[in-house]
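So the protein sequences, as listed, match chains V and C.
Under full-length UniProt numbering, the first sequence is numbered contiguously, ending at residue 277.
Under full-length UniProt numbering, the second sequence is numbered contiguously, ending at residue 277.
Hints may be right or wrong, so weigh each one.
Since copy identity is lost for identical chains, a pair holds within one copy or between any two.
[Claimed, not checked] No more than 30 Å apart at the CA atoms, straight line, and that leaves these computed lysine-lysine pairs for DSS-like:
{"no.": "1", "residue 1": "Lys269", "residue 2": "Lys50"}
{"no.": "2", "residue 1": "Lys269", "residue 2": "Lys179"}
{"no.": "3", "residue 1": "Lys216", "residue 2": "Lys270"}
{"no.": "4", "residue 1": "Lys110", "residue 2": "Lys216"}
{"no.": "5", "residue 1": "Lys270", "residue 2": "Lys110"}
{"no.": "6", "residue 1": "Lys179", "residue 2": "Lys216"}
{"no.": "7", "residue 1": "Lys216", "residue 2": "Lys43"}
{"no.": "8", "residue 1": "Lys50", "residue 2": "Lys82"}
{"no.": "9", "residue 1": "Lys50", "residue 2": "Lys179"}
{"no.": "10", "residue 1": "Lys43", "residue 2": "Lys179"}
{"no.": "11", "residue 1": "Lys82", "residue 2": "Lys270"}
{"no.": "12", "residue 1": "Lys270", "residue 2": "Lys43"}
{"no.": "13", "residue 1": "Lys269", "residue 2": "Lys110"}
{"no.": "14", "residue 1": "Lys270", "residue 2": "Lys179"}
{"no.": "15", "residue 1": "Lys82", "residue 2": "Lys216"}
The hints are simulated quantities; they were obtained by calculation from the structure and are not laboratory data.
Single-letter residue listing:
Protein chains: 2
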Amino acid sequence: MDIIDNAAVSQHLSHVRIVMVNTTLPANIGSALRAMKTMGLCKLVLVAPKTYPHPDIDALSAGASDLIEQIEIVETLEDAIKDCHLVFGTSARSRTIPWPLLEARPAAQKSMQAVMQDQQEIAIVFGREDRGLTNEELALANYHVTIPVNTDYGVLNVSQAIQVICYEMRMATLELIDKKPDQEAVMHVTNQEDMHWDEPLVTHEQMEQFYPHIEKMLAEIEFLDPKNPRLLPLRLRRLFGRIQLDRMEYHLLRGIFSRVQALNNGTWKKSKNEDQN
Amino acid sequence: MDIIDNAAVSQHLSHVRIVMVNTTLPANIGSALRAMKTMGLCKLVLVAPKTYPHPDIDALSAGASDLIEQIEIVETLEDAIKDCHLVFGTSARSRTIPWPLLEARPAAQKSMQAVMQDQQEIAIVFGREDRGLTNEELALANYHVTIPVNTDYGVLNVSQAIQVICYEMRMATLELIDKKPDQEAVMHVTNQEDMHWDEPLVTHEQMEQFYPHIEKMLAEIEFLDPKNPRLLPLRLRRLFGRIQLDRMEYHLLRGIFSRVQALNNGTWKKSKNEDQN
Chain V
1 MDIIDNAAVS
11 QHLSHVRIVM
21 VNTTLPANIG
31 SALRAMKTMG
41 LCKLVLVAPK
51 TYPHPDIDAL
61 SAGASDLIEQ
71 IEIVETLEDA
81 IKDCHLVFGT
91 SARSRTIPWP
101 LLEARPAAQK
111 SMQAVMQDQQ
121 EIAIVFGRED
131 RGLTNEELAL
141 ANYHVTIPVN
151 TDYGVLNVSQ
161 AIQVICYEMR
171 MATLELIDKK
181 PDQEAVMHVT
191 NQEDMHWDEP
201 LVTHEQMEQF
211 YPHIEKMLAE
221 IEFLDPKNPR
231 LLPLRLRRLF
241 GRIQLDRMEY
251 HLLRGIFSRV
261 QALNNGTWKK
271 SKNEDQN
Chain C
1 MDIIDNAAVS
11 QHLSHVRIVM
21 VNTTLPANIG
31 SALRAMKTMG
41 LCKLVLVAPK
51 TYPHPDIDAL
61 SAGASDLIEQ
71 IEIVETLEDA
81 IKDCHLVFGT
91 SARSRTIPWP
101 LLEARPAAQK
111 SMQAVMQDQQ
121 EIAIVFGRED
131 RGLTNEELAL
141 ANYHVTIPVN
151 TDYGVLNVSQ
161 AIQVICYEMR
171 MATLELIDKK
181 PDQEAVMHVT
191 NQEDMHWDEP
201 LVTHEQMEQF
211 YPHIEKMLAE
221 IEFLDPKNPR
231 LLPLRLRRLF
241 GRIQLDRMEY
251 HLLRGIFSRV
261 QALNNGTWKK
271 SKNEDQN
């Protein structure tokens, strides 16, 4: 993942605009900018904000002042989305108007596919703090998008919702870049491979020298009976097999085994004893 | 997805605790509670918060007052995680200490698999607003977890980071419930999770006896210099921290350490030698 080109990610994300309709609290606009910038989005459109400009916007945007300069202010939602290809209206789950509904993750995947394949322009529309989008506004969207939340508690506030949506947009972009055959490399989705190691992991072949070594050492100190090893070798394989040692750790452990062997057969003695003698 | 039992989701998520270390701003604690509750998490542990209680916590938690009552306050990070099986330390990407690192999504998947298969207790640890977690605190974690952000801009604040992590925890839970054919197991994703353990996994507290034991043993055989241990203790923590030992393996390894100690101090001798003498 480290080799991913951050500028390329941001370039894709520049096709996704966040639209906030009739926002009351300037603090929410500031928080939205910060959430956008941390994830690499840059374009915010405000539809008839209640209060603008306001110092809270600058305060809460925390260093995203370049995005403030790019804010576009329009009078109607139609103006905000007129050059867009794909418009998502955010909505809580229970709604009166029936509409194609996607959760945030597939909505982000759909959006970024549209951007990366066809250079489409995407809008994600967020409603008023107190009552969201009207049915008329929701009807302007191609899809509705919802964030799965704890239904016993209720909804995210608008800046939290923007945070989650922007995060999913970035994740979808990273995934799609990753899947591109020409970009090659990186990230197969399993857990272990996701890790970032300083040292290369050891191979199966190296581990096949590791197990005889630990078993021989344990036999020498009579912790393992070679004539009746019972489950011990299997347990050691299970234990070290799932750990995926890196090269440094491998040599560290084999060094310890060798020390114990040398101690046991008398070829290594404690320095203190030598000092004392 | 709509038919999912919200109470069941929350029950799984009750095994995941959010731990905030030395938090300065009460507003961040309030926002964290709100983020948690919207996603169905309920357990917040505060390690030596700078200001507590404070009206901002109540104001920003916005109706999550039941979670305020459940907040646990402890003096040290160790106290916060001692009964946990799997501990994640949050960190920005570029750090001095190398450790197994997962992004938020696979970390959440790993966590919820551990909860749903083995009823493990999970902790996600967040650091100070200004400078995160110390290296010593990070070394207590099994894994580090990071949120992929716009590297040109920098980091999320702590409540935004908690929002994203809690969201991923909920999504991972929903996905895992969704995949369950009936109740039967599933999940082929990785080595570790596939295993059905006969033995319970050890807790963080037990591991805190394990590390001093291996270090003492290594010091006794002069593999480790207590006056100048260099990176060795950290490497051992990283290695055995990600392995998640079960009880059998734990006792097996400690038995080996004890045998080496006895061999070294002369309280145990090889039976062959005795036979020969």
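Status of the hints after comparison with the structure:
1. With identical chains, the CA atoms of Lys269 and Lys50 are never at most 30 Å apart, being 55 Å at best within one copy and 52 Å at best between copies.
2. Taking the closest pair of Cα atoms, Lys269 and Lys179 never come within 30 Å of each other, the shortest separation being 55 Å inside a single copy and 58 Å across copies.
3. Within a single copy, Lys216 and Lys270 get their C-alpha atoms as close as 22 Å, and across copies as close as 14 Å, so both meet the 30 Å cut-off.
4. Taking the shortest alpha-carbon separations for Lys110 and Lys216, neither the intra-copy value of 32 Å nor the inter-copy value of 35 Å comes in at or below 30 Å.
5. Neither within a single protomer nor between protomers do Lys270 and Lys110 lie at most 30 Å apart by alpha-carbon distance, with minima of 44 Å and 44 Å respectively.
6. With identical chains, the CA atoms of Lys179 and Lys216 are never at most 30 Å apart, being 45 Å at best within one copy and 44 Å at best between copies.
7. Taking the shortest Cα distances, Lys216 and Lys43 never come within 30 Å of each other, neither inside one copy (36 Å) nor across copies (47 Å).
8. For a Cα distance limit of 30 Å, the shortest separation of Lys50 from Lys82 inside one copy, 22 Å, qualifies, whereas the shortest one across copies, 49 Å, does not.
9. For the identical chains of this complex, Lys50 and Lys179 are neighbours neither inside a copy (43 Å) nor across copies (45 Å), given an alpha-carbon limit of 30 Å.
10. For the homomeric pair Lys43 and Lys179, the shortest alpha-carbon distance inside one copy (26 Å) is at most 30 Å, but the shortest distance between copies (37 Å) is not.
11. In this assembly of identical chains, the alpha carbons of Lys82 and Lys270 never lie at most 30 Å apart, being 38 Å within a copy and 36 Å across copies at closest.
12. For the identical chains of this complex, Lys270 and Lys43 are neighbours neither inside a copy (52 Å) nor across copies (50 Å), given an alpha-carbon limit of 30 Å.
13. In this homomeric assembly, Lys269 and Lys110 never come within 30 Å of each other (Cα to Cα): the closest approach is 44 Å inside a single copy and 45 Å across copies.
14. Taking the shortest Cα distances, Lys270 and Lys179 never come within 30 Å of each other, neither inside one copy (54 Å) nor across copies (57 Å).
15. In this assembly of identical chains, the alpha carbons of Lys82 and Lys216 lie at most 30 Å apart only when taken from the same copy (22 Å versus 36 Å across copies).
Comparing the model with each numbered hint stated earlier shows that hints 1, 2, 4, 5, 6, 7, 9, 11, 12, 13 and 14 do not hold.
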